[in-house]
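*Asks:* Protein chains in written order, with the numbering used here: chain A, 1 to 598; chain B, 1 to 381.
Please note that the accuracy of each hint is not assured.
Claimed, not checked - Across the chosen pairs, the derived CB separations fall in these ranges: (1) A:Gln430 <-> B:Gly348: 41 to 51 Å; (2) A:Gly491 <-> B:Arg352: 49 to 59 Å; (3) B:Arg320 <-> A:Ala361: 25 to 35 Å; (4) B:Gly348 <-> A:Glu473: 22 to 32 Å; (5) A:Pro522 <-> B:Thr132: 45 to 55 Å; (6) B:Arg352 <-> A:Gly380: 26 to 36 Å; (7) B:Arg324 <-> A:Ala361: 41 to 51 Å; (8) B:Arg324 <-> A:Pro522: 29 to 39 Å; (9) B:Val306 <-> A:Tyr204: 42 to 52 Å; (10) A:Asn490 <-> B:Asp215: 34 to 44 Å; (11) B:Arg324 <-> A:Asn490: 26 to 36 Å.
Claimed, not checked - Derived DSS-like pairs: lysine-lysine, alpha-carbon spacing no greater than 27 Å straight-line: (12) A:Lys569 <-> A:Lys545; (13) B:Lys342 <-> A:Lys545; (14) B:Lys342 <-> A:Lys569; (15) A:Lys563 <-> B:Lys342; (16) A:Lys537 <-> A:Lys554; (17) B:Lys342 <-> A:Lys571; (18) A:Lys67 <-> A:Lys165; (19) A:Lys545 <-> A:Lys571; (20) A:Lys554 <-> A:Lys571; (21) B:Lys176 <-> A:Lys565; (22) A:Lys503 <-> A:Lys537; (23) A:Lys219 <-> B:Lys176; (24) A:Lys563 <-> A:Lys545; (25) B:Lys342 <-> A:Lys574.
Just so you know, the hints here were simulated from the structure itself, not pulled from any lab data. Because the structure is a prediction, the values reported are computed rather than measured. Glycine included, each C-beta is placed from N, C-alpha and C at the ideal position.
For reference, the chains in residue letters:
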Amino acid sequence: MLSHIRNFSIIAHIDHGKSTLADRLLEFTGSVEKREMQDQLLDDMDLERERGITIKAHAVRMTYRAKDGNEYLLNMIDTPGHVDFTYEVSRSLAACEGALLVVDATQGVEAQTLATLYQAVDLDLEIVPVINKIDLPSADVTAAQLQVEEMVGLPAEDAIPASAKMGIGIEDILEAIVHRIPPPTGATDAPLKALVTDSWYDNYRGVVVLVRMIEGTLKKGQLLRAMHTGSTFETTEVGTFLPAISVTGQLLAGEVGYFTAAIKSLNDCRVGDTITDDVAPCAEALPGFKQIRPLVYCGLYSADAAQFEDLREALKRLQLNDASFVFEPETSLALGFGFRCGFLGLLHMEIIQERLEREYALTLVSTAPTVVYRVTRTDGVVVEIDNPAGLPPLNEVDKLEEPYIRASIITPEEHLGSVMTLCHERRGIQGDMQYLGGERVSVTFELPLNEVILDFHDRIKSATQGYASFEYEPIDYRLADLVRVDILLNGETVDALSFIVHKERSQQRGRVIAEKMKELIPRQMYDVAIQAAIGNKVIARTTVKALRKNVTAKCYGGDITRKRKLLEKQKAGKKRMKQVGSVEVPQEAFLAVLRVDE
Amino acid sequence: MSTSTAGIYLAFPFCLSHCHYCSNPAARYSDEAAAAYTAQMAADLQQVAPDWSDHRFDSLFLGGGTPTLMPTHQLQRLIQTVQAHFDLTDDAEITSEANPDTLTTPVAEGLRSIGINRISIGAQSFDEGGLTQLGRLHDTRSVPTAVAVARAAGFDNLSLDLIYGRQGQTTEGWSKELAQALSLAPSHLSAYALTPEEGTVLWQMVQSGTVQLPDGDATGRLYQQGVAALLEGGYHRYEISNFARPGFECRHNQHYWQMDDWLGLGIGATSHRDGLHQMQTEQLDDYLDRPEQAPLFLFSERLAAVERLHEAAIFGLRTRQGIRLDQLPGGSDVAQIITPLKRLIDAGLVTRIGQTHVATERGLLLHDTIGCELAYPGVST
């Protein structure tokens with residue numbers, strides 16, 4: 001009964017109340033007993049809860065008896081809530097016929113919401129605007145409704161006032177889902193065609209694949225094929241989430257559910273792939289599949305060399321559940337054995353690092369993040385460089401290209417000037433500008449990703465007192481006049497400290513980094529000479545003078561035991577240092593590039 | 001089992017006031033507390049004596065606190081207990097610490113009469129503002145007086161303590177203070193850099209910013225200035241902070257740096273014996289009310305062979321004598337410190353003279369760096 005199924009997502013900015021609204025919907029439809037409700041049920045990872053964002057997508061089926069007396073099956077497909085996961089968001093949306101657009105009545109529409117909204121509109125989703133947090137004193141419902149009208153072209157009165165926190169408007173929202181969002185279409189007897197919206201590794205079930213059934217039927221024991229990767233596998237379990245797992249044995253066209261099979265790796269069944277019957281496949285795969293590739297790389301090393309194998313194990317385990325994260329071993333002269341790791345973006349990088357430290361009790365030294373440069377060598381060979389140390393000598397480089405992104409920024413009008421200045425400083429090329437009403441402006445810039453990954457987000461925030469929001473998507477590679485700046489300590493190049501920067505800014509940046517290194521490297525037995533150089537040309541130099549006094553003045557009977565404790569403390573301090581040649585370098589120095597205020 | 005001689009340290013916590021920089025346990029003096037303390041210490045001495053019957057002791061040190069607040073007859077009882085139950089050599093160095101303001105003629109004569117032959121006077125500073133900053137009760141005039149009183153009572157072996165590196169201390173001021181100390185012609189001088197130990201009044205003042213001590217570079221300069229003045233005055237430096245006329249080095253303190261054995265009794269006092277460190281309680285009440293069957297020492301720590309080696313090497317390098325690899329404890333473990341020592345030699349912190357390694361001038365000022373390097377070489381690589 002396709003006419004009784006509704007598939008929808010919730011589009012919302014961080015903190016605008018998506019998780020709370022999802023909880024209320026589950027509660028209202030009786031999908032979850034109130035006493036079972038843990039705040040924000042869908043965000044089941046600690047980190048997700050702490051950061052208030054959804055990192056992995058989920059799907060839940062609810063049963064709702066509408067005012068028309070009929071019972072409907074509502075599939076709520078959650079989307080990851082961050083700029084780094086644009087592609088995953090688009091695949092979750094592609095599994096729906098409609099979406100709730102949640103707008104905070106006190107904040108208005110944010111860039112991230114807008115970007116996701118445009119994706120949903122492009123996919124022909126029916127948009128149901130919800131004005132949330134109307135219970136707050138600072139709520140301006142009319143202004144928010146007007147913004148929605150301008151952006152989505154829906155009549156302002158169609159936006160539903162609600163307060164997820166107070167439980168206001170929940171039934172109106174459910175009714176709107178039933179009556180405004182169209183039911184799915186698709187024949188159950190057609191060849192199987194299902195969209196992979198998510199997949200993850202479960203310790204008991206192996207790889208679990210979340211699918212939206214487009215056509216046909218998926219049954220336990222069926223031999224399946226992932227059309228893009230070409231992998232085949234036999235299903236071992238088929239079911240849905242209520243939100244608890246419910247084994248149904250089959251899924252029909254229009255439904256949302258999961259299956260498991262003997263799939264070894266997430267790479268065999270990636271988000272956006274089309275699942276079909278291996279024996280009687282459908283004619284063509286669903287559009288929109290992309291082999292997503294990491295945009296940001298950094299080196300990760302265990303501070304304690306003895307933890308190298310532990311780090312490898314931890315990376316492997318994290319990758320089981322995150323196909324977008326890649327790593328391979330690398331060796332640094334300065335840091336020893338470690339891994340070059342690729343991430344979808346900075347947040348993705350931070351999350352992985354935090355999980356490694358928190359869940360696997362590792363102490364990490366990480367190098368500054370870098371983008372992937374495309375180098376055409378003089379012999380015509382094109383190489384991709386994800387580590388500045390790997391950049392060939394300039395005389396072997398014919399062409400150097402860097403990745404560009406399109407950034408969408410929404411800012412209060414009064415801060416527009418600072419935003420424009422920042423973007424121009426970062427070599428941005430201005431695109432569209434649109435006044436959104438409510439004294440807010442949406443502006444797009446094409447920017448080198450290199451200029452964005454370091455501190456752009458923080459700078460945007462401070463330039464606009466936190467009022468601007470920012471979203472980006474990769475666009476293309478462009479020719480660039482870039483150089484590599486090396487940092488030398490006592491005459492030795494520290495490979496892990498090299499960075500690539502636009503030629504025009506290289507001198508100044510070299511100076512600033514050298515000064516920052518001087519602040520971060522503690523005084524030690526020897527003078528430490530710090531130099532910044534491009535090729536053989538030194539562009540900045542400074543010195544950390546040798547330590548002059550470090551002695552316990554009084555040392556008698558009882559002091560001797562105390563002294564040993566003091567030594568143990570110093571040992572702990574030394575452990576956080578990396579020995580580079582004769583110099584001890586603290587971990588944070590490897591991120592100095594991130595810490596400079598120019 | 002030690003073949004060398006050992007020392008005994010007796011700690012007396014009583015003080016008239018608590019100096020700002022002092023991290024030793026301190027207690028308000030009362031006749032009752034002093035009597036009970038003496039009784040407990042005498043009993044403890046007798047209790048442990050059989051364990052130390054194989055040791056010869058050539059030093060006894062009464063430290064504090066302020067040992068001179070104790071009635072002389074009580075100190076006498078303790079010294080007699082030591083003499084009766086321990087093998088104390090006839091020529092043993094018997095030192096008492098003293099504060100300038102409480103060292104009166106009767107006190108000094110009393111100390112001398114019960115066998116104390118060395119006195120260490122806590123002068124600390126010859127600057128009134130400096131004494132106030134340190135939280136000392138006495139004024140600068142009381143120091144020469146105390147020295148005269150001690151000499152008159154027969155103390156030829158006399159040491160002065162100085163503290164430098166105070167807030168606002170100038171090289172000119174320090175120079176004057178050193179000159180005044182030298183004019184009193186003590187046989188021994190200790191000069192300590194003021195150190196804000198956690199939990200002290202000074203530490204709190206530094207934390208809250210009410211006191212700003214000179215940085216390491218400035219204190220290092222004051223140190224070198226002090227060393228130069230004292231060498232000039234005919235003293236030699238036999239340990240980082242200790243200076244003596246030839247033959248007047250403190251025998252007792254050398255036991256510590258050589259990691260010999262020593263017995264320490266009294267609150268917070270530590271003992272060392274063949275790699276075993278022990279400590280008595282730091283609480284006066286617990287010390288006085290210790291149940292009969294309770295152990296004498298509250299804390300015990302048995303060092304691994306390699307830890308003993310580190311201690312011996314590290315503390316030996318505080319002294320002019322330095323260390324000889326063939327005389328360090330630890331047997332074959334000694335090989336472990338050869339590479340770190342080479343590194344320290346390359347860095348100019350240690351030098352080798354024949355069989356002996358000693359810290360260089362720069363190394364003495366970076367002794368904690370030496371210690372860390374020896375105990376945890378290349379921990380980060």
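*Asks:* Each hint needs a verdict: does it hold in this structure or not?
*Replies:* Here is how each hint holds up against the structure:
no.: 1; hint: A:Gln430 <-> B:Gly348: 41 to 51 Å; result: violated, 59 Å
no.: 2; hint: A:Gly491 <-> B:Arg352: 49 to 59 Å; result: violated, 27 Å
no.: 3; hint: B:Arg320 <-> A:Ala361: 25 to 35 Å; result: violated, 46 Å
no.: 4; hint: B:Gly348 <-> A:Glu473: 22 to 32 Å; result: violated, 57 Å
no.: 5; hint: A:Pro522 <-> B:Thr132: 45 to 55 Å; result: violated, 34 Å
no.: 6; hint: B:Arg352 <-> A:Gly380: 26 to 36 Å; result: violated, 60 Å
no.: 7; hint: B:Arg324 <-> A:Ala361: 41 to 51 Å; result: holds, 43 Å
no.: 8; hint: B:Arg324 <-> A:Pro522: 29 to 39 Å; result: holds, 33 Å
no.: 9; hint: B:Val306 <-> A:Tyr204: 42 to 52 Å; result: holds, 47 Å
no.: 10; hint: A:Asn490 <-> B:Asp215: 34 to 44 Å; result: violated, 24 Å
no.: 11; hint: B:Arg324 <-> A:Asn490: 26 to 36 Å; result: holds, 33 Å
no.: 12; hint: A:Lys569 <-> A:Lys545; result: holds, 23 Å
no.: 13; hint: B:Lys342 <-> A:Lys545; result: holds, 22 Å
no.: 14; hint: B:Lys342 <-> A:Lys569; result: holds, 24 Å
no.: 15; hint: A:Lys563 <-> B:Lys342; result: holds, 23 Å
no.: 16; hint: A:Lys537 <-> A:Lys554; result: violated, 48 Å
no.: 17; hint: B:Lys342 <-> A:Lys571; result: holds, 20 Å
no.: 18; hint: A:Lys67 <-> A:Lys165; result: holds, 23 Å
no.: 19; hint: A:Lys545 <-> A:Lys571; result: holds, 22 Å
no.: 20; hint: A:Lys554 <-> A:Lys571; result: holds, 21 Å
no.: 21; hint: B:Lys176 <-> A:Lys565; result: violated, 37 Å
no.: 22; hint: A:Lys503 <-> A:Lys537; result: holds, 13 Å
no.: 23; hint: A:Lys219 <-> B:Lys176; result: violated, 97 Å
no.: 24; hint: A:Lys563 <-> A:Lys545; result: holds, 26 Å
no.: 25; hint: B:Lys342 <-> A:Lys574; result: holds, 19 Å
The structure fails hints 1, 2, 3, 4, 5, 6, 10, 16, 21, 23 (numbered hints given earlier, in ascending order).
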